[in-house]
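Here the sequence shown is numbered in this note's numbering, starting from 2 and rising by one per residue.
Keep in mind the hints are simulated off the structure, nothing from the lab.
Positions of the beta carbon are idealized from the N, C-alpha and C atoms, including for glycine.
Wrong hints could be hidden among the right ones.
[Unchecked claim] Have a look at the derived ranges for each label pair, beta carbon to beta carbon:
no.	residue 1	residue 2	range
1	92	22	15 to 23 Å
2	71	27	27 to 35 Å
3	44	96	27 to 35 Å
[As the list claims (entries may be wrong)] Pairs of lysine-lysine residues, derived as DSSO-like cross-links and limited to a Cα-Cα distance of at most 30 Å, are as follows:
no.	residue 1	residue 2
4	49	59
5	95	59
6	95	49
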Amino acid sequence: MTTLHVLSHSPFSDTRLSSCLRILGAHDALLLTGDAAYALQPHSSLFKALEEQSATLKLFVLEEDLLARNLACPTWVTAVDYPAFVELSIHYDKVNSWL
2 MTTLHVLSHS PFSDTRLSSC LRILGAHDAL LLTGDAAYAL QPHSSLFKAL
52 EEQSATLKLF VLEEDLLARN LACPTWVTAV DYPAFVELSI HYDKVNSWL
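Take the sequences, apply the hints, and build the full model.
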């Protein structure tokens, strides 16, 4: 069963992102929303950790949240709008929001 994992909290305030990365299945995906987009700050340890997994990690970020935080989208991340977020939710068997 495939899962879309959705994170919205800052990765610098807790360990949700690290915990999520440990349990991601081979066919799962990760969507960063809200303050979770800060994980894509260049030169941060989280950015480097995500980049190292980019060959196997299906990583998405809400485009609106990148723009709101003045962050660029790395080439190994797919920026999506809200309609694409809905499409991702339909594509995966379940959605797990890390509250």
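Going through the hints against the structure:
1. 92 with 22: 15 to 23 Å: 20 Å, holds
2. 71 with 27: 27 to 35 Å: 33 Å, holds
3. 44 with 96: 27 to 35 Å: 31 Å, holds
4. 49 with 59: 15 Å, holds
5. 95 with 59: Given pair residue 95, residue 59 holds - Cα atoms ~15 Å apart, limit 30 Å.
6. 95 with 49: Holds, at roughly 28 Å.
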